[in-house]
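**Student:** Given two chains presented individually in distinct reference frames, assemble the corresponding complex, making use of the accompanying hints.
Next come the chains, spelled out residue by residue.
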Amino acid sequence: AQKITQTQPGMFVQEKEAVTLDCTYDTSDPSYGLFWYKQPSSGEMIFLIYQGSYDQQNATEGRYSLNFQKARKSANLVISASQLGDSAMYFCAIENSGYSTLTFGKGTMLLVSP
Amino acid sequence: GAVVSQHPSRVICKSGTSVKIECRSLDFQATTMFWYRQFPKKSLMLMATSNEGSKATYEQGVEKDKFLINHASLTLSTLTVTSAHPEDSSFYICSANGQGNYGYTFGSGTRLTVV
Chain A
1064 AQKITQTQPG MFVQEKEAVT LDCTYDTSDP SYGLFWYKQP SSGEMIFLIY
1114 QGSYDQQNAT EGRYSLNFQK ARKSANLVIS ASQLGDSAMY FCAIENSGYS
1164 TLTFGKGTML LVSP
Chain B
6 GAVVSQHPSR VICKSGTSVK IECRSLDFQA TTMFWYRQFP KKSLMLMATS
56 NEGSKATYEQ GVEKDKFLIN HASLTLSTLT VTSAHPEDSS FYICSANGQG
106 NYGYTFGSGT RLTVV
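Sequence order for the protein chains is A and B. Each number in the working numbering corresponds to the 1-based position in the first sequence with 1063 added. Each number in the working numbering corresponds to the 1-based position in the second sequence with 5 added.
Just so you know, not all the hints are guaranteed correct.
To be verified - Derived lysine to aspartate or glutamate pairs resembling EDC-like cross-links, with alpha carbons at most 20 Å apart:
| id | chain 1 | residue 1 | chain 2 | residue 2 |
| --- | --- | --- | --- | --- |
| 1 | A | LYS1066 | B | GLU57 |
| 2 | A | LYS1169 | B | GLU68 |
| 3 | B | LYS47 | A | ASP1085 |
| 4 | B | LYS25 | A | GLU1107 |
| 5 | B | LYS46 | A | ASP1085 |
| 6 | B | LYS46 | A | ASP1149 |
| 7 | B | LYS25 | B | GLU57 |
| 8 | B | LYS47 | A | GLU1107 |
| 9 | A | LYS1133 | A | ASP1089 |
| 10 | B | LYS46 | A | GLU1078 |
| 11 | A | LYS1079 | A | ASP1092 |
| 12 | B | LYS69 | B | GLU92 |
| 13 | B | LYS47 | A | GLU1080 |
To be verified - Here are a few chain A residues that sit away from chain B, every Cβ distance over 12 Å (derived from the structure):
| id | residue |
| --- | --- |
| 14 | PRO1072 |
| 15 | GLU1078 |
| 16 | ASP1085 |
To be verified - Label-pair restraints from in silico Cβ distances:
| id | chain 1 | residue 1 | chain 2 | residue 2 | range |
| --- | --- | --- | --- | --- | --- |
| 17 | B | PRO13 | A | GLU1078 | 14 to 24 Å |
| 18 | B | SER20 | A | ASN1121 | 19 to 29 Å |
| 19 | B | LYS47 | A | LEU1174 | 38 to 48 Å |
| 20 | B | GLN34 | A | SER1143 | 35 to 45 Å |
| 21 | A | ASN1121 | B | LEU31 | 24 to 34 Å |
Keep in mind the hints are simulated off the structure, nothing from the lab. No residue lacks a Cβ here, since even glycine has one placed at the ideal position from N, Cα and C.
Bound conformation, chain B alone (with noise of 0.2 Å):
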């Protein structure tokens, strides 16, 4: 089936450092990848959408600055929180449809800390 990598799973970061996370589809073409951002024991908060080669579209009151998208490629989508805060410190997942991929795949996530 398909499959989506996201690295890293874990990251600790010092405040005001950048972060990049990177999703890959390893056996598909992903047209379209979106990003989402989980608080604990909430649910997912869909961030952005891109499609590859262009820009991202960022849902209302999600900060297009801080957190960049880029979907260079067909296999690969990165999401960079620059200057991170600790208000940052979240669940990150990605997920990706295309070609030869119905549904949805995710991710495995990426816990981001922030201190």
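The shape of chain A in the complex, shown without the other chains (with noise of 0.2 Å):
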């Protein structure tokens, strides 16, 4: 069985600085994937970032970045630059390979202020 944990139920950043939200991941799989998905308040579920196990290089996508230590099993997500519409839940996931599902953690309510 996968599992994914978040231990940071909330977190606090001032505008313009940048956060860490942590993820750790147990898995048996040798090839996995790990997801970031942005919840705000209204409910969608948005993609930001994928990382491989294989990649060799650290995903990023504009502002997001995820700094994988694969032999840690940690996937945390960087945000820099936060803004104000960056207050949402933020969910970690790992994708079963050999069932095509995901499997999420608990979140991290992310407070954005100015």
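**Tutor:** See below:
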């Protein structure tokens, strides 16, 4: 079974600062994918970034980057230059390669203050 | 990019009635659809996985007779909550992957309230 652990229930950051959201995972699959999604209060799940287990470089997408440390089984999301619109729930998820499903962590609520 | 349209966004129904939620992939063929349930301030829990043209695979503890899933075409999957009760009130959200879409595209979710 695969598991995602997000230990930060809530994080606060000031506008324009960088913030790191933690994610650790557990899997016995040699091949897997890691996803980060943003869920604003409206409820939709917005895809942010993806990291494959065999990717040599850390994934980046605009202001989002993934600090992937395979040996430590961590895939932390870094948001640079936070904006007020970044306030939302953030979920880390792992793809079960055998069944092509996603297992989600409990999420981290990020609040960005002016 | 890939889009999944989910309707309705909100529904209030009386206890004992059935509610149908639709998810449509607009610009790709969704060979697999996933249905999740989310309680307030909680994570997404996978309810079932459906492949086009075959029966859905339900997760342990999910009542297949209460949550009917149909995936009759490559662009449409439906979740019907039968004989709904207040404890079925929740946020339901679908996601899809398939040809022409890498990854998992989510619908916008449906907030169901059973009164």
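**Student:** Are the hints correct? Go through all of them and say.
**Tutor:** Evaluation of the provided hints:
1. LYS1066/A <-> GLU57/B: violated, 28 Å
2. LYS1169/A <-> GLU68/B: violated, 23 Å
3. LYS47/B <-> ASP1085/A: holds, 17 Å
4. LYS25/B <-> GLU1107/A: Roughly 19 Å between the alpha carbons, so the hint for LYS25/B and GLU1107/A holds.
5. LYS46/B <-> ASP1085/A: The hint holds at about 18 Å.
6. LYS46/B <-> ASP1149/A: Holds, at about 17 Å.
7. LYS25/B <-> GLU57/B: OK: LYS25/B and GLU57/B at ~18 Å, within 20 Å.
8. LYS47/B <-> GLU1107/A: Measuring from Cα to Cα gives roughly 14 Å; hence the hint holds.
9. LYS1133/A <-> ASP1089/A: holds, 11 Å
10. LYS46/B <-> GLU1078/A: Outside the cut-off at roughly 24 Å; violated.
11. LYS1079/A <-> ASP1092/A: violated, 38 Å
12. LYS69/B <-> GLU92/B: Since the Cα atoms of LYS69/B and GLU92/B sit roughly 16 Å apart, the hinted pair holds (cutoff 20 Å).
13. LYS47/B <-> GLU1080/A: violated, 27 Å
14. PRO1072: violated, 9 Å
15. GLU1078: Correct as stated: the minimum Cβ-Cβ distance to chain B is 24 Å, above 12 Å.
16. ASP1085: Nearest chain B Cβ is 15 Å from ASP1085/A, so the label holds.
17. PRO13/B <-> GLU1078/A: 14 to 24 Å: This hint is violated: roughly 35 Å between Cβ atoms.
18. SER20/B <-> ASN1121/A: 19 to 29 Å: violated, 50 Å
19. LYS47/B <-> LEU1174/A: 38 to 48 Å: violated, 18 Å
20. GLN34/B <-> SER1143/A: 35 to 45 Å: Because 36 Å falls inside the window, the suggested range holds.
21. ASN1121/A <-> LEU31/B: 24 to 34 Å: At 32 Å between Cβs, range holds.
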